[in-house]
Amino acid sequence: MAPSKAEVQSHPSAARPGERHWRGVAFGLQLDADFFARGLLEEGSEEPDRHSVGPEHACSLALVHPDALEAHWPHDDARVLGSVRDRSGSRLLTIEEHPEAGYRLDAPAYGRYLIARDGARILCAPSDLTDWEWQAFLIGQVLPLAAVLHGFEAVHASAVALEGHVIGLVADSRGGKSSLAINLIRRGAAFVADDVLALQRAGERILVHPGPTLANVRNAEADAIGPTALRLLGTVVGSDEHELRLAMKGEPRRLALAALYFIERSQAEPDSALREVEPDLRLLLGHAFSNFVRTPARLVGQLDLYAQLTRTVPTFGAIVSPAVDAYELAGCIHTHASTLIQAAT
Amino acid sequence: MADQKPLRDTTLLASSMRLPEHVVHRAFASETVVLNLTTGKYHGLNPVAGRMLTVLEAGGTVQDAARRLAGEYDQPLERTEQDLCELCTDLLERGLIETDGAEQG
Chain F
1 MAPSKAEVQS
11 HPSAARPGER
21 HWRGVAFGLQ
31 LDADFFARGL
41 LEEGSEEPDR
51 HSVGPEHACS
61 LALVHPDALE
71 AHWPHDDARV
81 LGSVRDRSGS
91 RLLTIEEHPE
101 AGYRLDAPAY
111 GRYLIARDGA
121 RILCAPSDLT
131 DWEWQAFLIG
141 QVLPLAAVLH
151 GFEAVHASAV
161 ALEGHVIGLV
171 ADSRGGKSSL
181 AINLIRRGAA
191 FVADDVLALQ
201 RAGERILVHP
211 GPTLANVRNA
221 EADAIGPTAL
231 RLLGTVVGSD
241 EHELRLAMKG
251 EPRRLALAAL
261 YFIERSQAEP
271 DSALREVEPD
281 LRLLLGHAFS
291 NFVRTPARLV
301 GQLDLYAQLT
311 RTVPTFGAIV
321 SPAVDAYELA
331 GCIHTHASTL
341 IQAAT
Chain S
1 MADQKPLRDT
11 TLLASSMRLP
21 EHVVHRAFAS
31 ETVVLNLTTG
41 KYHGLNPVAG
51 RMLTVLEAGG
61 TVQDAARRLA
71 GEYDQPLERT
81 EQDLCELCTD
91 LLERGLIETD
101 GAEQG
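Chains as they are written, first to last, in the working numbering: chain F, 1 to 345; chain S, 1 to 105.
Treat the hints with caution; some may be incorrect.
Claimed, not checked - Some chain S residues judged to face chain F by a derived CB distance under 10 angstroms, without partners named:
#1 LEU19
#2 VAL24
#3 HIS25
#4 PHE28
#5 SER30
#6 GLU31
#7 LEU35
#8 GLY40
#9 TYR42
#10 GLY44
#11 VAL48
#12 ARG67
Keep in mind that the hints were calculated from the coordinates and are not lab data.
All residues carry an ideal CB built from backbone N, CA and C; glycine is no exception.
Isolated chain S (complex conformation) (with noise of 0.2 angstroms):
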């Protein structure tokens, strides 16, 4: 992760997140491949940005989110609150998630 870490976004922390239909994961050995099968790209998360997805897509806001892989990671909730809205923004951008009420696409 960079060092210089975004804000926490209350908003989206406060948001919920889903994979589109045209998206699947599937965990290799060393990564986690996101597939886009609109655009036939492939998207590599490390283990635990892995993790981070299966946590996202499992339902709840993305703060419930961070609030469990806090504990399961052992880590400062605001730390992890911080690399999840940095793992979403990328995310979002990529179209490789949506918030939650937004149009299936």
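Here chain F stands alone, though its shape is the one from the complex (with noise of 0.2 angstroms):
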């Protein structure tokens, strides 16, 4: 079974129980930690408006040592879902599921985490990084299922609000996304989430559900876009030899999702081209995360949302050349979507 916060050998760097909580909301779950987090948890007792998610999509964090994250996984019982290699064969992650005790994340480089079967409560065990860089993970891969546990479906892909509706971008790993994402918001547009999107169905709508203020930039783009546009941007919290990580003012609001784009880059298209597409599941399920997870209820959920958003949301195929930069495809497509949002509305 998943351990309970008094069981729990907690981390030195952690705050004693029932010190000090940091809350936030990210991905449609409502955070309560015992850690800070830049962009993802605020100190606070009091629930500012962002924090609009019911008690239902609860989820406590809490940093622990190693060891007693180990003395609560049942390594006899849990069986392995998936590893993730590098190209040199090392192992990145290991995925495991216990019956009872949900799933344990297992990244060398990154630390340990267990996330209990219904996605209420993770233990963090971190590897000895930077807060940014072990929290990158979390935000970026734990939160994600755990958000999937509560019955989100979580995309890969970025998203900026554009009077008052979300447009979707979606590209392959490293295929610009969040270049694009941030050359949208250098036009006017308010960020959603980077690299990952928690949607739900409401009605005939598709929510989306903002998540965490941080987005990666690569150190390519950000010296495209300058110093000056970088801090107009938001603050720099963590950089390594590919990437600056980057604090940021987020749109707060569940929106409706008004398109989704997705971007390929091609050497045979002399500049950019829009043009709708019919996504069909194979797509959509290639972009969707931990697919390991394959209850029936979530396979159901998946596919409803699927069907759905293929009924209600525009979509649309961008074959952009790579002479053409993230600003410059920003601007097709922001005159694009708020043209279509117009049609819309």
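Take the two lone chains and join them into the complex the hints point to.
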């Protein structure tokens, strides 16, 4: 069984039980943690407007010592769902499932994380990293799984808000969706999420729950934007040789998904071309998060959501020459989406 | 559909079909997706086959469904019966439908 709070040996940097709490909302989850996470969790007991998620989606997070986490994971009855390796064969991530205890994510570079089967509790035993580094894994892998366990559907995509509607940007990994989102913000859009969208059916609409107010910006893109414009976008909270982590002001509301753009870079395209496409299930499943969660409830919920999405959300393919930079592409999509939204309202 | 049509199966035509509890289907823009929750496998049906499944699921015998579909698509009844029998055979083999009266599984 997932451990209760009292049973768990705390991580040295966690607050003592009951001492301090940091709260936040991301991916539809109402988070309550014993540690601070910039762009995700803020200190305080009052719930600001942003925290408009029901208590049924409460999720507590605790920093624990790795030994404590292991003590609560029943290794004998767990099964490996999958693992991810890099090109050299080194293990990046192993995902295990236990019928009662839930899911355990073991990433040698980022630490170990135990997620209760209902997604209501997460134990974090991070590796010896700076906070922004292990919290990037928490945000990018652990919380999306918890959102799925809460009944949301998580999709690999970035998103911005335009005139109160969400525009989703889908691309393969390293396909430029974060750069595109950042440049749409430069053109007046509001930040909604970077790399993970939490979706929920609501009547005939598909609602998007905002993610943490953090985005990864590749160093090359940061150079193209320039230091002055970058400062206007947000605050750099971390960086490595590939990218920097930017904390920004985000759109706090759950808003309806108005359009989805699938971005594809192609040498064969001299400029950029936008065309409406009919997304099929295979395409959507290819960008879904946590596909290893295959409970009947998840499978039916996923099918329902994608069927509704294909009926109600206009979807476009953007075939873009590598010569077109993210700012220029953002201009093209901004104009296209604005026209679409105005026509629909 | 294949050129070689199976003969009309009078036993099949007189049967009623239903979806097992572990099978669901949803309409997408260009196909109907049938999901077997036991295996986790997705199966795609073209729009005509998707409509056939919906009519079969509504009740009555396969022959009743064939009559209705022949009218909807303005096709000869015999041809529609053959197409429908072929689809039923395929879906039965995949465990995506079962004859009414079979035990729920």
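Results of checking the hints against the structure:
With a cut of 10 angstroms, the hint placing LEU19(S) at the interface with chain F is violated, because the nearest CB-to-CB distance is about 13 angstroms. Look at VAL24(S): its Cβ gets to within about 6 angstroms of chain F, closer than 10 angstroms, so that hint holds up. The criterion of a C-beta within 10 angstroms of any C-beta in chain F is met by HIS25(S), whose closest approach is roughly 9 angstroms, and the hint holds. The interface hint given for PHE28(S) holds, since its Cβ lies 5 angstroms from the closest Cβ of chain F, which is under the 10 angstroms cut-off.
Satisfaction of the interface hint for SER30(S) is found here, the shortest Cβ-Cβ separation to chain F being roughly 5 angstroms, below the 10 angstroms cut-off. Annotation: GLU31(S) was flagged as interfacial toward chain F, and the flag holds, the nearest CB pair being 7 angstroms apart, inside 10 angstroms. Taken as an interface hint, LEU35(S) checks out: its beta carbon lies about 6 angstroms from the nearest beta carbon of chain F, inside 10 angstroms. For GLY40(S), the interface hint holds, since its Cβ comes within 10 angstroms of a Cβ in chain F; the closest pair sits about 5 angstroms apart.
Here the hint on TYR42(S) is kept, as its CB sits about 6 angstroms from the closest CB of chain F, short of 10 angstroms. The criterion of a C-beta within 10 angstroms of any C-beta in chain F is met by GLY44(S), whose closest approach is roughly 8 angstroms, and the hint holds. Of the supplied interface hints, the one on VAL48(S) is violated, with its beta-carbon coming no nearer than about 17 angstroms to a beta-carbon of chain F, more than 10 angstroms. Evaluation of the ARG67(S) hint against chain F yields a violated restraint, the C-beta minimum of about 29 angstroms exceeding 10 angstroms.
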